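2 protein chains.
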Amino acid sequence: MKRRAELPNNLQLVLAVLEKKGHPMSAYMILDQLHGSSVRAPLQVYRALEKLISMGQVHRLESLNSFIACNDTSCATVGVTAFVICEKCEQVQEVSDNSVSLFITELAEKAKITAVKSSIELHGICGACENA
Amino acid sequence: MKRRAELPNNLQLVLAVLEKKGHPMSAYMILDQLHGSSVRAPLQVYRALEKLISMGQVHRLESLNSFIACNDTSCATVGVTAFVICEKCEQVQEVSDNSVSLFITELAEKAKITAVKSSIELHGICGACENA
DNA sequence: GTAAATTTGTTATGTTATAACGTCAAGGAA
DNA sequence: TTCCTTGACGTTATAACATAACAAATTTAC
Ligand SMILES: [Zn+2]
Ligand SMILES: [Zn+2]
Ligand SMILES: [Zn+2]
Ligand SMILES: [Zn+2]
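Residue numbers (the working numbering), protein chains in the order written: chain Z, 1 to 132; chain U, 1 to 132.
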């Protein structure tokens with residue numbers, strides 16, 4: 001994996017925006033934030049996101065058509081991650097312990113399928129928002 | 001739950017198209033199939049889909065931006081369903097046994113969140129396609 | 001150093017989803 | 001009945017998300 005400083009410029013820019021925000025952002029929200037930089041067109045953002053995702057630095061949230069900077073170093077080694085999303089404050093937790101990978105393994109076996117990728121996204125209201 | 005014959009016309013039309021296909025379809029694919037009927041505009045399709053989904057007759061696959069007719073009577077009673085999708089033949093299996101709902105329950109507890117909805121989608125290559 | 005291959009930028013376009021507004025029909029109160 | 005409210009539906013327009021196609025620049029292979 002490339003070290004941060006070695007990332008091409010567009011990847012650094014996109015990743016920095018996502019990390020600063022800390023919440024899910026659509027590609028077009030990212031593009032808005034980069035107004036004035038060398039990143040001018042949607043495709044530049046999508047291409048950067050694609051690479052960052054393949055490096056494990058960014059995740060795509062399918063149920064939101066959005067992207068978020070990885071916030072859990074362990075998810076890269078485990079490979080399967082579940083995302084828990086608060087619908088009120090947009091906080092996202094990554095869960096990538098054994099129970100998640102075991103669940104996916106068993107699901108694939110049960111369905112007689114060779115898994116390629118998985119998307120597990122749980123929406124709800126987090127504790128902090130519940131008590132607000 | 002309304003019986004099939006009692007469904008409003010647009011809902012019947014949309015559901016019939018999805019059931020005939022048996023695979024995931026985007027709203028616009030459904031619209032194409034309904035050319036010549038009273039369903040002429042995207043919003044008619046989306047409104048029908050929204051109702052069919054709330055009745056449990058149709059599911060939305062977040063990772064495909066697509067919709068599929070429910071093919072498993074048990075998923076309505078359990079409430080939580082995992083979808084296993086073959087990327088080659090587009091066959092979709094619904095899994096809604098106890099292991100799935102238990103996994104979601106435990107995930108919600110672990111993340112200290114009150115679950116509202118969940119999306120579990122596993123992509124892969126099914127047995128039939130693997131041997132082809 | 002030159003040609004081929006890859007990456008990047010730009011424009012245009014395709015795909016998915018919703019906002020805004022007008023019409024009509026059903027149902028209830030006066 | 002007649003008026004009013006309410007909700008469902010159709011239509012047009014537009015917003016939001018994503019990729020195709022091509023040109024220019026850069027990197028890589030020899
Ligand atoms: Zn992560
Ligand atoms: Zn919250
Ligand atoms: Zn179902
Ligand atoms: Zn298959």
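Errors might be hidden in some of the hints.
Just so you know, same-sequence chains aren't split out, so a pair can sit in one copy or run between any two.
Unchecked claim - Calculated cross-link-like contacts (lysine to aspartate or glutamate; reagent style EDC-like; alpha-carbon spacing at most 20 angstroms):
| no. | residue 1 | residue 2 |
| --- | --- | --- |
| 1 | K117 | E62 |
| 2 | K117 | E94 |
| 3 | K20 | D32 |
| 4 | K117 | E130 |
| 5 | K117 | E90 |
| 6 | K117 | D32 |
| 7 | K21 | D72 |
| 8 | K51 | E109 |
| 9 | K51 | E6 |
Rather than coming from a laboratory, the hints here were simulated on the basis of the structure. Only a predicted model underlies this, so the values are computations on that prediction, with no experimental measurement involved.
We went through each hint and held it up to the structure:
1. Taking identical chains as interchangeable, the C-alpha atoms of K117 and E62 lie at most 20 angstroms apart whether they share a chain (12 angstroms) or sit on different chains (14 angstroms).
2. In this assembly of identical chains, K117 and E94 lie within 20 angstroms of each other by CA distance both inside one copy and across copies; the values are 16 angstroms within and 17 angstroms between.
3. In this homomeric assembly, K20 and D32 come within 20 angstroms of each other (Cα to Cα) only inside a single copy, at 14 angstroms, whereas the closest approach across copies is 42 angstroms.
4. Taking the shortest Cα distances, K117 and E130 sit within 20 angstroms of each other only across copies (16 angstroms), while inside one copy they are farther apart (32 angstroms).
5. In this assembly of identical chains, K117 and E90 lie within 20 angstroms of each other by CA distance solely across copies; the values are 14 angstroms between and 24 angstroms within a copy.
6. In this homomeric assembly, K117 and D32 never come within 20 angstroms of each other (Cα to Cα): the closest approach is 30 angstroms inside a single copy and 30 angstroms across copies.
7. Within a single copy, K21 and D72 get their C-alpha atoms as close as 16 angstroms, which meets the 20 angstroms cut-off; across copies the closest is 40 angstroms, which misses it.
8. With identical chains, the CA atoms of K51 and E109 are never at most 20 angstroms apart, being 30 angstroms at best within one copy and 33 angstroms at best between copies.
9. When the C-alpha separation of K51 and E6 is checked against a cutoff of 20 angstroms, the pair qualifies only within one copy, where the shortest distance is 13 angstroms, while the shortest distance between copies is 50 angstroms.
Comparing the model with each earlier hint shows violations of hints 6, 8; every other hint is respected.
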